[in-house]
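**Q** Each chain, written out:
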Amino acid sequence: MQQQISTSYTDKELVDMFRDTNRSNYAFNLIVRKHTPALYRLIKRMLIDADDTDDVLQNTFIKAWKGLDNFREDAALATWLYRIASNECITFINRKRKFLFIPIQSQETYLNQKLEADVHTDYEAGEKKFHQAIASLPEKQRLVFNMKFYEDMTYEQIAEITGTSVGALKASYHIATKKIESFLQPD
Amino acid sequence: MSFEEKYKHYQNSGKIDVSEDYVNKMSIRISEKIAERKGIKIPIAWSLSGVSFAGFALVVCLFVYPKFQHDPTTYSSNTNDSIEKNILAHDSGKLAVTHIEKKNETISNEPNQESILEYLLDEEYEEI
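For the protein sequence lines, the chains are A and B, in the order given. Read in order, the letters of the first sequence correspond to residues 0 to 186 in numbering that gives the first Met the number 0. Read in order, the letters of the second sequence correspond to residues 0 to 127 in numbering that gives the first Met the number 0.
Be aware that one or more of the hints could be misleading.
Among chain A residues calculated to face chain B with C-beta under 10 Å, some are [said to hold, decoys possible]: (1) N28; (2) V31; (3) Y39; (4) T163; (5) Y172.
I should point out that these hints are in silico values taken from the structure, not numbers from a laboratory. Quick reminder that beta carbons are idealized off the backbone N, C-alpha and C, glycines included.
With the hints as constraints, model all of the structure from the sequences given.
**A** As structure tokens, this is what we get:
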């Protein structure tokens with residue numbers, strides 16, 4: 000029911016409602032409900048761990064709440080939220096790496112451990128190896144791959160989110176697919 | 000065959016469903032965090048106001064207040080619309096008090112001719 004209410008408003012209407020101080024809490028609640036599924040999917044694919052995903056998702060919305068008054072609406076609200084979520088994921092990964100003293104080459108091992116421990120997802124045969132291949136990619140390349148492959152976004156949409164040129168994104172995606180195919184080759 | 004065509008089945012099976020229950024829980028969690036942050040802002044604001052006021056009071060005590068302290072016997076300045084008592088000590092030991100009303104005038108410690116004459120003709124004056 001609440002989900003139906005949140006999706007019946009457009010993003011523009013929700014932002015305008017947020018700027019009315021009497022309705023800002025209600026508006027922000029609807030924004031959270033409307034955009035949680037998409038942002039959750041993006042973050043979960045990057046971080047794999049469910050608890051980490053919840054924390055980063057929360058941080059994303061807190062940042063959005065702080066910045067929504069100054070949101071210039073030169074991009075769509077969804078794009079802006081995706082941008083915050085992407086940056087929060089990268090920041091989280093870098094912070095975790097420094098805090099836990101995980102060297103760059105062990106990031107893959109760390110994510111693979113998370114994949115093994117992930118009880119929320121049932122993997123088919125071979126699918127786990129596919130996810131392990133994705134986990135072996137550098138984080139920015141992994142982000143682009145997930146947005147293109149799983150979320151079926153266009154390069155233009157991804158360019159708006161990441162601030163990278165379409166040409167660079169195409170190259171990045173192409174390299175990512177080659178790496179994954181190479182990873183999946185039988186030894 | 001393109002990469003997407005080759006691994007399309009992983010594309011479909013890799014879809015993540017987000018339950019209504021999860022959305023509700025996350026919505027409540029975020030609302031609580033925002034309320035918490037709003038609550039913290041008020042004590043911080045009060046603390047900063049208190050520190051600012053204390054700093055201002057200190058500046059006034061150290062730098063501004065002393066400027067109002069002055070030695071009346073060496074007073075010499077331009078002031079507007081003030082009435083001052085100028086106490087003059089003289090050889091006889093008697094004090095003559097002159098009221099001076101100033102309006103953009105330069106004050107001199109030296110008495111003018113009229114006031115000297117007035118003083119000399121004063122009955123209580125005794126020539127030593």
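**Q** Are the hints correct? Go through all of them and say.
**A** Checked hints:
For the restraint placing A:N28 at the interface with chain B, the shortest Cβ-Cβ distance is roughly 6 Å, inside the 10 Å limit, so the hint holds. The closest approach between the C-beta of A:V31 and any C-beta of chain B is roughly 5 Å, which is under the 10 Å cut-off, so the hint is satisfied. A distance limit of 10 Å between C-beta atoms decides the matter here; for A:Y39 the minimum to chain B is near 5 Å, and the interface restraint holds. This hint is violated: A:T163 has a C-beta 20 Å from the nearest C-beta of chain B, more than the 10 Å allowed.
The beta carbon of A:Y172 comes within 9 Å of a beta carbon in chain B, closer than 10 Å, and the hint placing it at the interface holds.
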